[in-house]
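2 protein chains.
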Amino acid sequence: METDAALSILTALAHPTRLATFRLLVQHEPDGLSTGQLVEASGLSQSTFSTHLAVLVKAGLVVPEKRGRQQIQRVSIDALRGLMLFLAKDCCEGRAELCEPLLAELACC
Amino acid sequence: METDAALSILTALAHPTRLATFRLLVQHEPDGLSTGQLVEASGLSQSTFSTHLAVLVKAGLVVPEKRGRQQIQRVSIDALRGLMLFLAKDCCEGRAELCEPLLAELACC
DNA sequence: ATAACCCATCGGATAATTCCGATGTATTTC
DNA sequence: GAAATACATCGGAATTATCCGATGGGTTAT
Chain A
0 METDAALSIL
10 TALAHPTRLA
20 TFRLLVQHEP
30 DGLSTGQLVE
40 ASGLSQSTFS
50 THLAVLVKAG
60 LVVPEKRGRQ
70 QIQRVSIDAL
80 RGLMLFLAKD
90 CCEGRAELCE
100 PLLAELACC
Chain B
0 METDAALSIL
10 TALAHPTRLA
20 TFRLLVQHEP
30 DGLSTGQLVE
40 ASGLSQSTFS
50 THLAVLVKAG
60 LVVPEKRGRQ
70 QIQRVSIDAL
80 RGLMLFLAKD
90 CCEGRAELCE
100 PLLAELACC
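As they're listed, the protein sequences go chains A and B. Just so you know, we're using numbering that gives the first Met the number 0 here: the first sequence kicks off at 0 and counts up by one. Just so you know, we're using numbering that gives the first Met the number 0 here: the second sequence kicks off at 0 and counts up by one.
None of these hints come from the bench; they were simulated from the model. Since the structure is predicted, the reported quantities are computational estimates derived from the model, not experimental observations. Note that the Cβ used here is the ideal one computed from N, Cα and C, for glycine as well. Any given hint could turn out to be false.
Listing some non-contacts, in silico: residues in chain B with all C-beta distances to chain A over 10 Å [what the hints assert, rightly or not]:
{"#": "1", "residue": "Gly31"}
{"#": "2", "residue": "Ser33"}
{"#": "3", "residue": "Gly35"}
{"#": "4", "residue": "Ala40"}
{"#": "5", "residue": "Ser41"}
{"#": "6", "residue": "Ser44"}
{"#": "7", "residue": "Thr47"}
{"#": "8", "residue": "Gly59"}
{"#": "9", "residue": "Pro63"}
{"#": "10", "residue": "Arg66"}
{"#": "11", "residue": "Gly67"}
{"#": "12", "residue": "Ala87"}
Some residues of chain A that are not near chain B, with every Cβ distance over 10 Å (derived) [as the list claims (entries may be wrong)]:
{"#": "13", "residue": "Leu12"}
{"#": "14", "residue": "Thr47"}
{"#": "15", "residue": "Ser49"}
{"#": "16", "residue": "Val56"}
{"#": "17", "residue": "Arg68"}
{"#": "18", "residue": "Arg80"}
What the simulated footprint calls covered on chain B by chain A, stretch by stretch (three residues with Cβ under 8 Å from a Cβ of chain A suffice, anywhere in the stretch; the number is not a length) [claimed, not checked]:
{"#": "19", "region": "2 to 8"}
{"#": "20", "region": "19 to 26"}
{"#": "21", "region": "49 to 57"}
Make the full structure from the sequences, and use the hints.
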């Protein structure tokens, strides 16, 4: 993952509404949720939420799929993996002693 | 990790200068770098960089240590682990099939 | 003491983000 | 075809972020 892509993802997640939306969609994998359901969950106006969603989609964290006049939204686990790999990369390369505690806790599952 | 703490970390990393600073410090673990060295690496004015550094410190990603009239900066691997755990948590809990690809690639080291 | 050095904070200008209601574009239903 | 539904996009107002030079506080060297 390039630095610009990582920055897009970090920026997308660095907002309460967008982070909550992302987490909600993770919990609803793999079915996803419609944009309308996400609007309702956000408590914001439809137009405001639409711009937030666009940020998530542009960053590649959320992938929309047309279904009639609705739009089903799903998260991209690939994008999340890319970000985590990017963040861990610098300590993984050549300094496994730093990376070890990272992985130890992630092995929870 | 609480949502607010995760948001602070994400916001801190969602800026080119701050992300580059964080990565540079990871590469210089465990010795760290002085604030002056970081200022030079950033290419920004001293005052501007100081505010960026303060964001990283407030988020807990960077820990300063006084050394004479200098200030040595080091990253907190704990904070990074906390963020990664937070991001992975929602898919780890009860849906190991989502989490598996995350861990598979992180096992690079 | 005085000067030099390192870094944080202040004041202020510019740019970006965030929010909303209103309007536009498809799609479905009647 | 007309009305209704789902969502995106357009203006515009308010807030926040970003940047800088200048100043201040504390530490070391002369």
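Results of checking the hints against the structure:
1. Gly31: Non-interface label on glycine 31 of chain B holds, nearest chain A Cβ at 13 Å vs cutoff 10 Å.
2. Ser33: Nearest chain A Cβ is 19 Å from serine 33 of chain B, so the label holds.
3. Gly35: holds (22 Å)
4. Ala40: holds (15 Å)
5. Ser41: holds (15 Å)
6. Ser44: holds (21 Å)
7. Thr47: holds (18 Å)
8. Gly59: For glycine 59 of chain B, whose nearest Cβ neighbour in chain A is about 15 Å away, the distance exceeds 10 Å, so it holds.
9. Pro63: holds (19 Å)
10. Arg66: Arginine 66 of chain B is indeed farther than 10 Å from all Cβ atoms of chain A, at 22 Å.
11. Gly67: About 27 Å separates glycine 67 of chain B from the closest Cβ of chain A, which puts it past 10 Å; holds.
12. Ala87: The assertion about alanine 87 of chain B is violated, with a minimum of 6 Å to chain A.
13. Leu12: violated (5 Å)
14. Thr47: Non-interface label stands for threonine 47 of chain A: nearest chain B Cβ at 18 Å, farther than 10 Å.
15. Ser49: holds (21 Å)
16. Val56: Label holds. Min Cβ-Cβ 17 Å, cutoff 10 Å.
17. Arg68: About 29 Å separates arginine 68 of chain A from the closest Cβ of chain B, which puts it past 10 Å; holds.
18. Arg80: violated (5 Å)
19. 2 to 8: holds (count 3)
20. 19 to 26: holds (count 4)
21. 49 to 57: violated (count 0)
Hints 12, 13, 18 and 21 from the list above are not met by this structure, while the remaining hints are.
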